[in-house]
Amino acid sequence: MDAVTPLVRVQEAGFDLAAETARLSEGRVDVGGIASFVGVCRGDDGLSALVLEHYPGMTERALTKIAAEACARWPLTGCTVIHRVGRILPGEGIVLVLTASAHRAAALESCAFLIDWLKTGAPFWKREEFTGGGSRWVEAKASDDAASARWQLGR
Amino acid sequence: MDAVTPLVRVQEAGFDLAAETARLSEGRVDVGGIASFVGVCRGDDGLSALVLEHYPGMTERALTKIAAEACARWPLTGCTVIHRVGRILPGEGIVLVLTASAHRAAALESCAFLIDWLKTGAPFWKREEFTGGGSRWVEAKASDDAASARWQLGR
Amino acid sequence: MKILYFAWVRQRIGLAEEEVSPPAEVRDVAGLVAWLATRGPGHATAFADPRQVRAAVNQDFAPPDAPVAPGDEVAFFPPVTGG
Amino acid sequence: MKILYFAWVRQRIGLAEEEVSPPAEVRDVAGLVAWLATRGPGHATAFADPRQVRAAVNQDFAPPDAPVAPGDEVAFFPPVTGG
Numbered sequence: 573m574d575a576v577t578p579l580v581r582v583q584e585a586g587f588d589l590a591a592e593t594a595r596l597s598e599g600r601v602d603v604g605g606i607a608s609f610v611g612v613c614r615g616d617d618g619l620s621a622l623v624l625e626h627y628p629g630m631t632e633r634a635l636t637k638i639a640a641e642a643c644a645r646w647p648l649t650g651c652t653v654i655h656r657v658g659r660i661l662p663g664e665g666i667v668l669v670l671t672a673s674a675h676r677a678a679a680l681e682s683c684a685f686l687i688d689w690l691k692t693g694a695p696f697w698k699r700e701e702f703t704g705g706g707s708r709w710v711e712a713k714a715s716d717d718a719a720s721a722r723w724q725l726g727r
Numbered sequence: 573m574d575a576v577t578p579l580v581r582v583q584e585a586g587f588d589l590a591a592e593t594a595r596l597s598e599g600r601v602d603v604g605g606i607a608s609f610v611g612v613c614r615g616d617d618g619l620s621a622l623v624l625e626h627y628p629g630m631t632e633r634a635l636t637k638i639a640a641e642a643c644a645r646w647p648l649t650g651c652t653v654i655h656r657v658g659r660i661l662p663g664e665g666i667v668l669v670l671t672a673s674a675h676r677a678a679a680l681e682s683c684a685f686l687i688d689w690l691k692t693g694a695p696f697w698k699r700e701e702f703t704g705g706g707s708r709w710v711e712a713k714a715s716d717d718a719a720s721a722r723w724q725l726g727r
Numbered sequence: 022m023k024i025l026y027f028a029w030v031r032q033r034i035g036l037a038e039e040e041v042s043p044p045a046e047v048r049d050v051a052g053l054v055a056w057l058a059t060r061g062p063g064h065a066t067a068f069a070d071p072r073q074v075r076a077a078v079n080q081d082f083a084p085p086d087a088p089v090a091p092g093d094e095v096a097f098f099p100p101v102t103g104g
Numbered sequence: 022m023k024i025l026y027f028a029w030v031r032q033r034i035g036l037a038e039e040e041v042s043p044p045a046e047v048r049d050v051a052g053l054v055a056w057l058a059t060r061g062p063g064h065a066t067a068f069a070d071p072r073q074v075r076a077a078v079n080q081d082f083a084p085p086d087a088p089v090a091p092g093d094e095v096a097f098f099p100p101v102t103g104g
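Protein chains in written order, with the working numbering: chain A, 573 to 727; chain B, 573 to 727; chain C, 22 to 104; chain D, 22 to 104.
Don't take each hint at face value.
Claimed, not checked - Not close to chain A: a few residues of chain D, all C-beta gaps over 10 Å, as computed:
id, residue
1, Met22
2, Glu46
3, Thr66
4, Asp93
Said to hold, decoys possible - DSSO-like, lysine-lysine: derived pairs with alpha carbons at most 27 Å apart:
id, chain 1, residue 1, chain 2, residue 2
5, A, Lys637, D, Lys23
6, B, Lys713, B, Lys637
7, C, Lys23, B, Lys637
8, A, Lys637, A, Lys713
Derived from the structure by calculation, the hints contain no laboratory data.
Where a beta carbon is used, it is the ideal one built from N, C-alpha and C, also for glycine.
The shape of chain A in the complex, shown without the other chains (with noise of 0.2 Å):
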């Protein structure tokens, strides 16, 4: 199998599922199963909007990263990797994850390991702006933050 070269963008623009799922499966006969998640923005609880900060460098470096190691772990053809920064409304995509191999369990555990480490690994951060005016900063959740508490700087 020729070596997998995934596809990693941070990008205010939305992106198109379709366009992007294409893309991985036209013009070639070895994609078996394309798995793919699409991060949602939810509106519950009065929330207007989220604004998405990231690390710019710092953050494509990560992503590159982590989707070398999934081409690495699972017989990948083909890895999209699309994490939206800016203002995004409710029911607009924050980020997608897509990945496609002949076999449909590595599809499928290759997507859920990238979504899974973006939540604790890639650098963004996430605000939430609310209807009635104000804003927060979406604080890590508990489990999630497990994961990266040995990089706190005081104890």
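Please build the complex by placing chains B, C and D on the supplied structure of chain A, with the hints as guidance.
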């Protein structure tokens, strides 16, 4: 949470991943993630087409039952299963599973559950046609068949 | 009793479905298989190795000892290969 | 040394980045935090509870004892919440 009615279809036509994904999130603000799996027709080893046969009536019943079970096991906001029958060309989608939930783990796990079940519990049969002429019925994989061996009619 | 055949079971028998009236001693799926296998060379070939065949009674997967009765819809087919 | 701040660390300090020249005794991330916290009330607030802050040195996550040197790019931010 309102009871979810899964969308189940068995059809000859192709499916539209983007439209089906939009259907699960449009007009609602409680969807946090949408997982999908698209099974794609491979074209290796000289395969020119897959021809899929099903058991009209039983197949739809079986799909509806398993989709309802997924909705009962996980807190889904939506669930779509579309399986094609008839003649399918390499690169075309065979099956689409989509699951939406407020939480990513529910969407990812239920999507994997449904596609695994489709391989072993849904009355579909694949015949491979080859570029050189000729065709053969696909045999169940040993791993998949183990799940159905209890139904075999002789010892 | 309505009998349906799918995939290579259908091809070997040469029929997609047939109406049959098995004798009264045919009471379960295994008995029905043994009786159907006597109806012709195609039937005999299709059921030559019953381990390769699966059944459904009234659209539910059914083991060899599942009862069958007049009015039932019984289907025979290979292990499924969808998804 | 180039220092970057993100999310509420940036907001509390009131800067997205700054160039600093810490004294020679600042040799690791923890030492840099202690020194930066003295630069003003915003800095003091941002670093009041260092357990809530994470760091990266030259774009890799870094623990408190990670060395820092002139020319490094060091970033401070809350635990990440992407995906």
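Open item on the list: Tell me the numbers of any earlier hints that the structure contravenes, in ascending order.
Closed with: Checked against the structure, no hint fails, so every one of them is satisfied.
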